[in-house]
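*Asks:* As a plain string of letters, each chain reads:
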Amino acid sequence: MASPNQLYTPALLEHVQHPDWNFKLEDATCSHEGVNPSCGDDLTIHARLADDGTIAEVSWTGEGCAVSKGSADMMADLMVGLTPAEAKELCATFGELVRGELSAEGAEEELDEAACLASIAHMPARVKCAELAWRTMDEMLSGATEPSSTEDGLVPDAGDAR
Amino acid sequence: MANLCRAPRLSAAEAANLEVNPYKADFPLLVANPELAYLDNAATAQRPACVLEAETRFYETMNANPLRGLYGLSVEATAAIEEARATFARLVGAASPREIVFTRNASESLNLVARTLGEQVLSEGDEVVISILEHHSNLIPWQEVCKRTGATLRWLYPSQEGFFSEEEIEATIGPATRIVSITQLSNVLGVEVPVAAIAKRAREMGAYVVVDGAQSVPHVPVDVRELDCDLLAFSAHKALGPFGVGALWGKLELLEALPPFLTGGEMIDSVTQEGAVWAPVPHKFEAGTQDAAGIYAAGVGLAYLEEVGFEAIEARDAALGRALMEGLAERPFVEVYGPEDANAHHGVVSFNVQGVHPHDVSSILDGANVAIRAGHHCAQPLLTWLGTSSTCRASGTFYNDARDVERFLEAIDTVWSLFHGLA
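Sequences listed follow chains A and B, in order. According to this note's numbering, the first sequence is numbered sequentially starting from 1. According to this note's numbering, the second sequence is numbered sequentially starting from 1.
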C-alpha cells in the first residue's frame with residue numbers, strides 16, 4: 001500500500017523503527033539540546049570531532065515525533081566526514097528544502113534520502129519537526145550553549161482558538 | 001426580519017441514526033469536499049450557507065456604521081446587531097438582550113471578566129478557583145489577575161475520567177473563595193462539569209461564578225438561570241457563526257456595577273476634557289466599531305442551532321461518541337482518555353496511538369482526508385495531569401455521520417500498519 005502522503009515514506013519509517021544513531025556517544029566532544037515546546041519534541045545531538053577538526057560521528061537521543069526522529073537519524077548519517085563549515089552549509093540547505101525554497105531534485109545529491117522530507121514544505125506546522133535536529137546541530141557547531149528551540153520567533157501553536 | 005434559517009428538524013431518535021445525514025447539504029465546505037471527514041469541531045465549526053449569506057446580505061443591504069447614524073441604513077445596521085443580541089440572549093436563557101455583551105471571542109470575554117470583576121473584588125488572601133480541565137483562555141487571565149492582586153489560584157481536580165466529586169468541590173471552594181471560573185464542557189475529554197453544583201457551593205461561600213461556555217453552548221442546552229452563574233463566556237465560531245465574534249452574558253446588575261474594560265468610542269454617553277460618562281450596559285463594554293456583519297451572521301448561526309434543536313444535537317453527539325469509542329475500543333493499540341461511558345463524551349474523544357506521536361497521527365489522517373487535532377488543545381496543565389504532552393482528538397458534531405467515523409477508523413488502521421511495517 002502506498003503511503004497516504006509523501007512524507008511517511010519507507011525510508012523515513014525505516015529510520016524511525018530501526019534508527020542507526022539513536023544512542024549517546026560516550027566520547028562526544030559536544031552535545032546540544034533542541035526542543036519544540038508545543039510538540040514535545042526534545043532531542044539532544046551528540047558529535048565527536050576528529051583531530052583534524054572534521055566530524056567523526058554524530059548521534060541523537062531523546063523523544064519526539066517520527067518526523068523529528070527520522071530526520072535526526074538521516075542527518076547523523078550525512079554529517080560524518082564533513083568539516084563544521086560544510087556541516088553548517090548542509091544544515092542551511094536542508095532548511096531551504098523543508099521551507100520549500102529548494103526542490104527535492106535539486107537537493108538529492110547533497111541530502112540523499114533526507115531529500116524525501118521535501119514534501120513537509122506543504123505542512124507548515126510540521127516544518128519545525130523536520131528542522132529540529134538540523135537546527136540544533138547548526139547551533140551546536142556555532143558554539144551555542146542554551147537549548148535550541150525551533151519555535152523561537154515562530155507563530156505559536158494556535159490550539160482551539162477561542 | 002424574516003427567519004432565514006431553515007435547518008432539518010429531526011427527532012432525537014432520528015438524529016441518533018448516523019446513517020442518515022440531512023445536515024451536510026447545508027454546509028458549502030462539506031458539500032464541496034464530500035470525501036472530507038471533518039472531526040475538528042471543538043476547534044471551530046463549519047458554517048451553514050445561511051450564515052455565509054447573512055454576512056453578505058448585511059454588506060449588500062444594511063451596511064452602515066451602527067449606533068452612530070441617524071439615517072435609515074444605520075438604523076437598519078443597528079437593528080441587525082440588536083436582533084442578533086436577542087438571539088444570543090434567548091439561546092443562553094438571559095433575562096434580557098441587554099445582558100449580552102459582544103466581544104471578539106470567548107478569550108476576550110474572559111479577559112474582560114478577569115480585568116474588571118477580578119481586579120475589583122480580589123486582594124491578598126482571596127482565592128480564585130478554576131479546574132484542571134480549563135482551556136488556557138480560562139486560566140491565563142486568572143493567573144495574571146492573581147499576580148496583580150496577590151490572590152491565590154486554586155484548582156479543582158476530577159477523577160481520572162473527568163468527574164468531580166462533592167468532596168472535592170467542598171474541599172476546594174471555601175470561605176476564601178471570591179471567584180469560581182469553570183468550563184462547562186471540557187474541550188479535551190468532552191465531559192460536562194456539574195456547574196450547578198459548583199455554583200451552589202460557590203454561592204454558599206459568597207463567591208462569584210463565571211462559566212466558560214465556549215465548548216458547551218454548541219453542544220448542550222445552556223440556561224444561565226438554571227446554572228445560577230453570574231457570567232458566561234462563549235464564542236460564535238464554535239457555534240456555526242463567523243470568526244471574530246464572541247459574547248459575554250452577565251447578570252444585568254453585575255454588568256452595571258463593573259467598570260468598563262476597553263474604552264473609547266461607542267462606549268460613552270458624554271465626554272469632556274476631564275472625563276466621560278459611560279454608556280449604559282451593554283454598550284459600556286463595547287468600545288469601538290463592532291463587526292456588525294459578523295454579529296448579525298453569528299445570530300443566524302445560533303438560530304440555525306436552535307432549529308436543529310438540542311435534543312437532536314445531544315442525541316447525535318452521543319451516537320457519534322459511541323461510534324468513535326466502540327471503533328477505538330476494537331483497536332487495542334489505541335488509548336482513550338476521559339469517561340468510559342461514550343455518552344458522556346459529547347462527541348469529543350481524545351486518544352493516543354501507542355508509540356506514534358499525535359502529530360504523526362494527524363498528518364497521516366490528513367493524507368486520508370480526515371481532519372482531527374493533535375497537540376495540547378490549549379489545555380497544557382490538563383495534559384500534564386493526564387500524564388502526556390499531547391493527544392489526538394476527534395471531535396464530532398451534528399453534521400458528522402457514520403461515513404466520517406468509518407473513514408476516521410480506516411485511517412487509524414493505516415497509521416498502525418505504516419508504523420508496524422504491515423503496509
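Derived by calculation from the structure, the hints in this document are not laboratory data. You may find that some hints are simply not true.
[Said to hold, decoys possible] Which bits of chain A does chain B cover? Going by a derived footprint, with three or more residues having C-beta under 8 Å, they are:
id	region
1	7 to 16
2	83 to 90
[What the hints assert, rightly or not] Now the in silico label distances, taken between C-beta atoms and shown as ranges:
id	chain 1	residue 1	chain 2	residue 2	range
3	B	59	A	6	40 to 46 Å
4	B	171	A	92	36 to 42 Å
5	B	262	A	6	43 to 49 Å
6	A	31	B	343	47 to 53 Å
7	B	161	A	27	47 to 53 Å
8	A	31	B	159	39 to 45 Å
9	A	104	B	167	56 to 62 Å
10	A	23	B	22	36 to 42 Å
11	B	64	A	146	41 to 47 Å
[Said to hold, decoys possible] Listed below are several chain A residues computed to face chain B (Cβ distance under 8 Å; list not exhaustive):
id	residue
12	24
13	35
14	39
15	44
16	104
17	129
Source: prediction; values computed, not measured. Note that the Cβ used here is the ideal one computed from N, Cα and C, for glycine as well.
*Asks:* Please go over all the hints and tell whether each is borne out by the structure.
*Replies:* Hints, verified against the model:
1. 7 to 16: holds (count 4)
2. 83 to 90: violated (count 0)
3. B:59 to A:6: 40 to 46 Å: holds (41 Å)
4. B:171 to A:92: 36 to 42 Å: violated (56 Å)
5. B:262 to A:6: 43 to 49 Å: holds (47 Å)
6. A:31 to B:343: 47 to 53 Å: holds (50 Å)
7. B:161 to A:27: 47 to 53 Å: holds (49 Å)
8. A:31 to B:159: 39 to 45 Å: holds (42 Å)
9. A:104 to B:167: 56 to 62 Å: holds (60 Å)
10. A:23 to B:22: 36 to 42 Å: violated (57 Å)
11. B:64 to A:146: 41 to 47 Å: For residue 146 of chain A against residue 64 of chain B, whose Cβ atoms are near 54 Å apart, the range 41 to 47 Å is violated.
12. 24: violated (21 Å)
13. 35: violated (11 Å)
14. 39: holds (6 Å)
15. 44: violated (17 Å)
16. 104: violated (17 Å)
17. 129: Constraint on residue 129 of chain A satisfied, holds at 7 Å.
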